[in-house]
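For this one, chain B is given, so just place chain A on it according to the hints.
Listed in order, the protein sequences are those of chains B and A.
Heads up: the first sequence begins at 20 in the numbering used here, then just goes up one per residue.
Heads up: the second sequence begins at 20 in the numbering used here, then just goes up one per residue.
Since the hints were derived computationally from the structure, they do not count as laboratory data.
Misleading hints may appear alongside valid ones.
One copy or any two copies: either way a pair holds, since identical chains are not told apart in the list.
[Stated by the list, open to error] List time: in silico SDA-like cross-link candidates among lysine to any residue, alpha-carbon distance up to 25 Å:
no., residue 1, residue 2
1, Lys101, His314
2, Lys394, His334
3, Lys391, Trp89
4, Lys394, Leu340
5, Lys391, Gly189
6, Lys101, Glu88
7, Lys391, Asp325
8, Lys391, Asp380
9, Lys217, His334
10, Lys253, Ala271
11, Lys391, Val324
12, Lys391, Pro335
13, Lys391, Ile105
14, Lys101, Leu277
15, Lys253, Glu279
16, Lys214, Arg185
17, Lys394, Thr366
18, Lys285, Cys121
19, Lys394, Asp367
20, Lys394, Gln60
21, Lys217, Arg387
22, Lys391, Gly333
23, Lys391, His334
24, Lys194, Ala271
25, Lys394, Thr188
Note that the structure is a prediction, hence the values are computed from the model and not measured.
Protein chains: 2
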Amino acid sequence: MSDDMSDDMNSEHRSSTIQGGIFPVVMAGGSGTRFWPLSRQHLPKQFLSMGGEESLIAATMSRLTHIAEWADRYVVAGEHHKEGVITHCPSLPESNLLVEPCARNTAPCVALAAHHIASRDPQGVIILLPADHHISDISAFQTALLSAVEGAREGKIMTLGVIPTRAETGYGYIKYPGGGLDNQSRLSAERFVEKPPKRVAEEYLASGQYLWNSGVFIFSVERILTELNAQLPKLMTSLAPVRAAIEALDEAAYTEALDEAFMEIKGVSIDVGVMESADELEVIPLRAGWSDVGHWGALSEVNPVDEHHNVLIGHPEHLALNSREVTVYSDRFTAVVGLEGVVVVNTDDATLVCARESAQDVRLVIERLRHKGLKELT
Amino acid sequence: MSDDMSDDMNSEHRSSTIQGGIFPVVMAGGSGTRFWPLSRQHLPKQFLSMGGEESLIAATMSRLTHIAEWADRYVVAGEHHKEGVITHCPSLPESNLLVEPCARNTAPCVALAAHHIASRDPQGVIILLPADHHISDISAFQTALLSAVEGAREGKIMTLGVIPTRAETGYGYIKYPGGGLDNQSRLSAERFVEKPPKRVAEEYLASGQYLWNSGVFIFSVERILTELNAQLPKLMTSLAPVRAAIEALDEAAYTEALDEAFMEIKGVSIDVGVMESADELEVIPLRAGWSDVGHWGALSEVNPVDEHHNVLIGHPEHLALNSREVTVYSDRFTAVVGLEGVVVVNTDDATLVCARESAQDVRLVIERLRHKGLKELT
Chain B
20 MSDDMSDDMN
30 SEHRSSTIQG
40 GIFPVVMAGG
50 SGTRFWPLSR
60 QHLPKQFLSM
70 GGEESLIAAT
80 MSRLTHIAEW
90 ADRYVVAGEH
100 HKEGVITHCP
110 SLPESNLLVE
120 PCARNTAPCV
130 ALAAHHIASR
140 DPQGVIILLP
150 ADHHISDISA
160 FQTALLSAVE
170 GAREGKIMTL
180 GVIPTRAETG
190 YGYIKYPGGG
200 LDNQSRLSAE
210 RFVEKPPKRV
220 AEEYLASGQY
230 LWNSGVFIFS
240 VERILTELNA
250 QLPKLMTSLA
260 PVRAAIEALD
270 EAAYTEALDE
280 AFMEIKGVSI
290 DVGVMESADE
300 LEVIPLRAGW
310 SDVGHWGALS
320 EVNPVDEHHN
330 VLIGHPEHLA
340 LNSREVTVYS
350 DRFTAVVGLE
360 GVVVVNTDDA
370 TLVCARESAQ
380 DVRLVIERLR
390 HKGLKELT
Chain A
20 MSDDMSDDMN
30 SEHRSSTIQG
40 GIFPVVMAGG
50 SGTRFWPLSR
60 QHLPKQFLSM
70 GGEESLIAAT
80 MSRLTHIAEW
90 ADRYVVAGEH
100 HKEGVITHCP
110 SLPESNLLVE
120 PCARNTAPCV
130 ALAAHHIASR
140 DPQGVIILLP
150 ADHHISDISA
160 FQTALLSAVE
170 GAREGKIMTL
180 GVIPTRAETG
190 YGYIKYPGGG
200 LDNQSRLSAE
210 RFVEKPPKRV
220 AEEYLASGQY
230 LWNSGVFIFS
240 VERILTELNA
250 QLPKLMTSLA
260 PVRAAIEALD
270 EAAYTEALDE
280 AFMEIKGVSI
290 DVGVMESADE
300 LEVIPLRAGW
310 SDVGHWGALS
320 EVNPVDEHHN
330 VLIGHPEHLA
340 LNSREVTVYS
350 DRFTAVVGLE
360 GVVVVNTDDA
370 TLVCARESAQ
380 DVRLVIERLR
390 HKGLKELT
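Pulled out of the complex, with its shape left as it was, chain B reads as follows (with noise of 0.2 Å):
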């Protein structure tokens, strides 16, 4: 942790918590089927720019800018998308991108960065992130995670909760008191739900007791050891040799023992294997412009609008001729006429046309081609 750091964490509630640095995890094995064609198996998401300067995972690692230093930072990231990662992250030290042998959602993933955290800080407080999500306003985000580092320092598990602008249907939900509306109000997190139908979405924004879940948590690596033990002991009992290689700086066994976990390890994420059972879980609500990215008409949430709420990206002279809410990717000159609600993405093989509403059918449009064997445009 840098000295700014320590001025910035003085508050009074310092004296009683543990003293460890701040290291932010970000995870980044997702595989992104969503944006196809842009995205491809070896190219997902969070190596895409989505209309704006930097890649995704390079603007989360850009959000951490006097947060924690490039030393205590983590990836975590599967074995193809480890040039990825180093392309996008140079200043990233090679010992801290831990490379899955293979998928395991996220709950083996925190646990494996958990571990190596262990190693180093016993007291560290982790920063977990995905990497592919945007937020607008940094200041306010990193005034939340400063807030939530607090938490984790008196032992909560912290999480930050999106005030949520309209009835998603595509995002879980925390349940919380409601109001918290500074972007550092701490409050508790009395229950994460599922993926709601729209009626009950429609409740949920009506209500102004629901919170986007954001996929971001904060915690100290004691309390999130603790928890994953009693939780997940299955889990824990596989990545023990892979802890005790990490602490004797044998790579040979750390990479076999790894490996062997992995295998044998079942998938499950941190929310349904951890968080949702979890006790003193607190919501720190936030409103800071995130979105999850979560497929291509979600553009417009991250890019500027025209004044027909046309987003056009990737060549100055695009055009939208008597339409609306059209989303535009491709570096080629592209005009759109007389339509409503689609998305127009161009890449160098292969072109999609998507009405917006059906932007999630486009993983059907990978499977159709990974049907007829053309492996290379997926």
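Relative to the frame of chain B, chain A by itself:
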């Protein structure tokens, strides 16, 4: 005219008619802005295949097999389309490509061709054809043409009128007494009417007394020169030096006279300038799968459609998922998801995505591009 043709024409009318050859005149002056981005200023619609095996002009020529030899066929085109005509009609004698100094609509084009043909065969019959239409039933078309040639030899102005299959508002109509579904009935062409509004088009369709104006006319050289002299005397006066140069075989004088004439003459269509006021005009109702291929939406009229009325051209694996009435024209693999009535066209430097019903608005895109100084895209 070939020898087999003389046999074909051996009808009862023949003895009372003029005996000249048959001279098709193909008008290839179109600029084809409606097929942007595929058609460009130097690549108008007649040089495109529109999904077929040949370009539209090559197909127009193929439909004249057994009707007229190459030596008797003429093409009228602008200077900047000369190369295209030579490429797509390699068998056309060089002297049969009549180059207009500038576009002046169809009446001057017909007059110019009539002068050339009159100097070769004053008893000749002209078949005037647009270069860029589609006809699926060649045999039916040729039957109609030969019947029309008989009429032309009797001194009539003949036209082919397409039996309408829908209440189209994009075509002109010809009023006739009704009936005549055998592709060779010669019936009175009572009146030409301009593109009607929807309600009127519906009445026309229901009445069975209206045909679409195909733009195909058949007349003797003698008759058309008489009409032109009577109805467009100024035009003919301007062209007199051109005719003189043709007769004198004086190429330099011809070029000079043509440039001068086209500078001063007024652009007018043969329909408005001559046909609408001509007497003794007969129409042959045509049922031959005709389309003027007037805009992108018309591709479904001239290409095979799938069970959801999608037309997918250019890549064998194009995918239309949960989509209807989609037209794709692209060499690049294209997936269309969840859309209805959309046209997608991809070229190397531009993409068009357009509501099928807005296909006529493509010209607005070109206007906008010109206005922005992006002529290289037009």
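Earlier hints that do not hold, by number: 3, 5, 9, 13, 21, 24 and 25
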